[in-house]
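*Asks:* Can you make the complete structure from the sequences, with help from the hints?
Protein chains in written order, with the working numbering: chain P, 1 to 306; chain E, 307 to 661; chain F, 662 to 917.
Simulated from the structure, these hints should not be mistaken for laboratory data.
These numbers were taken from a predicted model, which means no experiment stands behind them.
A couple of the hints might just be wrong.
As the list claims (entries may be wrong) - Restraint ranges, calculated between C-beta atoms of paired labels, are given here:
(1) V97/P / Y681/F: 36 to 44 Å
(2) M121/P / F614/E: 50 to 58 Å
(3) M121/P / G888/F: 35 to 43 Å
(4) Y59/P / F689/F: 47 to 55 Å
(5) F689/F / K214/P: 45 to 53 Å
(6) D666/F / E431/E: 47 to 55 Å
(7) E431/E / K113/P: 42 to 50 Å
(8) K218/P / K670/F: 20 to 28 Å
As the list claims (entries may be wrong) - Chain F is nowhere near these chain E residues, computed Cβ spacing over 12 Å in every case:
(9) N315
(10) I403
(11) V506
(12) Q638
Backbone N, C-alpha and C fix where the C-beta goes; we use that ideal spot for every residue, glycine too.
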Amino acid sequence: MSHRREPWYITILDRIRSSRRIKVFLLVFLPFIYLIIFFFAPFIIALMYSLGMFKQVVYEFVFQPQISLEYYYRLFQYPGVLVAIQRSFYYAILTTVGTFLLSYPVAYYLGVKLPDKYQEMVVLVLFTPFWVNFLLRIYGMRFIFHELGFLNMILTTLGIVNDPIKILGTDTAVILVMIYTYVILMILPIYGVLEKLDKELLEAAATLGASPVKTFLKVTLPLSVPGILAGSLLVFIPAVGEFVIPELVGGANTVTLGTVIYNFFLRVKGTMGWGLGSAAGLIYIGLILVLSYLYIRLVGGEIRLG
Amino acid sequence: MSYAVELENISKSFGEVQAVKNVSLKIRKNEFFSLLGPSGCGKTTTLRIIAGLEFPDTGRVMLNDEDVTDLPTHKRNIGMVFQTLALFPHMNVYDNIAFGLRMRKVPEREIRQRVKEMLEIVRMEGFEKRKINQLSGGQRQRVALARALIIKPAVLLLDEPLGALDLKIRQHMMVELKKIQKEVGTTFIYVTHDQTEAMVMSDRMAIMKDGVIQQIGSPHNVYMRPVNKFVALFIGDAINFIEGTYKDKGVLSTDLGDLKVPELSGYTGKSVILAIRPEKFFLENNIPSDIDNVIEGRVIFSIFRGSFVEYRVELDNGQEMVIFQPYLVAGQKIYEDGSRIKIGWYRDSAVILSH
Amino acid sequence: MKITDLILKIYTVFFLAVIYLPIAILIFFSFNESRSKIVFTGFTLENYYSLISNYAVWDSFYNSIWTAIVVTVVSVFLGIMISYGVTRYEFKGKNMLDILMLIPIIIPEIVEALTLLVFLIILGIRLSPYTVIIGHIAFDISFAYIVIKARMAGYDPQFEEAARTLGANEIQTFTKVTLPILMPGIVSAALIAFLQSYDDFIKTFFTRPPGFTTLPVYIWNMASRRGFALDLNALATFIVVISIVFAYVRLKVERW
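*Replies:* Written out as structure tokens, the structure reads:
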């Protein structure tokens, strides 16, 4: 026989090739173990920790088979925590609504009205700023909201206000900056839905006698619901846990759930700080799970058109 | 005689599905051989087994008298043109064609020479530097062919390569493929579900159904002498069936009366099907005097198809027949809808099929 | 309808202008000489000189780059493996795995960061640049996976079969065909993974050892003080330029 002799590694490969199970294990599950250890396991550990299942002995943590809600109880007793959670919801809801109202016309224009040949360019223009580090963009907002800043300059020049207003350090500043930071997460899914929308549907509605307004209300808007829901989820979830923006443009009265977590972990520290922080974090995770579940139920189920 | 490819009792299952059932085939050297059948008939699996891209559960694969059943693809000397063509998008035409030679460590100088020759054969001179996405469908076809042929394979396997082309280009490529095959003198095994492609190009073909070979033969043989109803229906544009009971001495008893049919032994008393191709009929005044069978029918409608006229005729038993009449002379009579006409045919134009 | 279209168009342009405004203002003030910082009084390159001579910036920049490179290499490698396995083979739990791979992207970083920190504390693992890297890889695998998988979905397995019929063995098939064809997807994934890591603040902030500063952490340290630091504006100019280059390169790669 004239077969070429193969090097040893080919022989091993031949053997691996003959078993699909070995291949799937090596290719998929071996790398996935990384995520199990460094992503999923920490969630379980943090949950156990918040339930008092680890006790510190000198420098080591020892597992103790008990469940205690002490950290959760203490968390809600902690001054300002309840208010901070309420405030987080308030911010997140306003941010979600605000991003939706401000971005829907843009997503609609890009997805439905803009000719295809400009799509790519405009989307690029839209995206580029979001490639710039978000801390810097937030820092830039300080120049706008400052009492001597850009916004007050315009407001006083136009005579809308007489004296510069104080925005930095207020709820308004936090919410506006949150809207600014999260708006892209709302535009993306809505644009994605509208761009794929069969434009003949709109023409069909018109031939059936629907006015442009009717067409929008009865066809376009209902069809963009999945995008709006996805956008709302993408904005709301991180907005609840936001801590960078309140720190950078807020003040003493803009403490949020995120700030609480941050403070417990990086300022209070120690077993108590970590315990309270874990409890706060797990409440947040619980919220995320509930919202995601609701989303899947809503989008997975049938959405009525008009 | 030595064969290019021999399959002996090949079977292959995918889970519950038995894709190929006990297939045996002998493909001669320098033959253009087609595997023809509807989708899911096992023709592609058979081809992939020859290529070594699938391994049979049972049976033996021989290439040029060498048992290659367990040999991986890259050690078999085969060429293959894929359904999607699978031209490498990151290489230009030259690099695509040279790929097989480079794998064989052929010196670059020789590669250059052979790619040049190959491009001449497929009539693609001057396209070396082109990117794949700059080629038309037909040009891609030629490059895929050149890439597979340049390694001088013992056999070239083609898996429905013309499927994606427009009708006109496809017709052109069929003739082109046949020419190239004659020129390079390589065994071609061509898989298709399109009977026209198989008829046009093949020296011989195998018709498959449900993983089983139904018939092997030349296009003429398969068209004229189908072995069963499936082959009769699958090959050709149309066919008419008349059911009946075989009497002795080449006579078939039907509800249209006794018909003269080919003389066969061993069929006496059996219920059989008479199959007649639509172009085998004579109508009215054109019926020769020595015709074997004449029946009557009523024209339901006619379709002018250019080189011929297609009639749908209802027989007295309510059965509908398809009849093609060559359109030879301008102003030739076309029988009107509803008119009664006589239909005649020779006994040897028809085939007897068992149920 | 013409009038509403026009209004929409004007609004979109205005929207884009507002999005760019903070960045434009940052760059504008980087040339400000004033000590009051918020009022523009005169042009200077002083802030740039002070940035260039700032050792802390260079140190954190260096840290950002080398950690991001390690993170990118590991997560793209693992991402290729998983996406290749998932697109090429059928196995039990594949859909489940696909969903699990998305979770690190959906979960807010602060949650990932705090759970990882607790995990590290409980196991008694000392914080180091490597704990930062471990944390980054955990979300970057998912980014790499999604980008490469999207690319593989349009990849024809017949490419590999073609290579094998032409005489290539498994290794040659992978190096000469599979890898080059998937290269745009891999480069795109590497860019995204790099950017995610290089730009990450929250996870780094939670899992870094004291004194270990990356560029985003440096920016945070400067920005979280109440005032304004104009060399941060100068830094912003550089980062904006780098970001635009990034965005442009990515676009090129996508079209490859």
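*Asks:* Should the hint that E431/E and K113/P are 42 to 50 Å apart at their CB atoms be regarded as holding?
*Replies:* holds (49 Å)
*Asks:* State, for the Cβ atoms of Y59/P and F689/F, whether the hinted interval 47 to 55 Å holds or is violated.
*Replies:* holds (52 Å)
*Asks:* With respect to the beta-carbon atoms only, verify the hint that V97/P and Y681/F lie 36 to 44 Å apart.
*Replies:* Since the Cβ atoms of V97/P and Y681/F sit about 24 Å apart, the hinted range of 36 to 44 Å is violated.
*Asks:* Are all beta-carbon distances from V506/E to chain F longer than 12 Å?
*Replies:* holds (25 Å)
*Asks:* Go ahead and decide if the range 45 to 53 Å is satisfied by the Cβ distance of F689/F to K214/P.
*Replies:* Since F689/F and K214/P have Cβ atoms about 46 Å apart, the given range 45 to 53 Å holds.
*Asks:* Evaluate the condition: distance from the CB of N315/E to the nearest CB of chain F exceeds 12 Å.
*Replies:* The claim stands: N315/E keeps its Cβ more than 12 Å from every Cβ of chain F (closest is about 24 Å).
*Asks:* Looking only at beta-carbon atoms, does the pair M121/P, F614/E fall within the given range of 50 to 58 Å?
*Replies:* holds (57 Å)
*Asks:* Per the hint of 47 to 55 Å, is the separation of the Cβ atoms of D666/F and E431/E within bounds?
*Replies:* holds (53 Å)
*Asks:* Check the following: the C-beta atoms of M121/P and G888/F are separated by a distance inside 35 to 43 Å.
*Replies:* holds (38 Å)
*Asks:* Since Q638/E was said not to touch the interface, does its Cβ keep a gap of more than 12 Å from each Cβ of chain F?
*Replies:* Non-interface label on Q638/E holds, nearest chain F Cβ at 50 Å vs cutoff 12 Å.
*Asks:* Beyond 12 Å from every Cβ of chain F: is that where the Cβ of I403/E lies?
*Replies:* Given that some Cβ of chain F is not farther than 12 Å from that of I403/E, nearest at about 10 Å, it is violated.
*Asks:* Given the hint of 20 to 28 Å, check if K218/P and K670/F actually sit that far apart at their C-beta atoms.
*Replies:* holds (24 Å)
Hint violations for this structure: numbers 1 and 10, all remaining hints satisfied.
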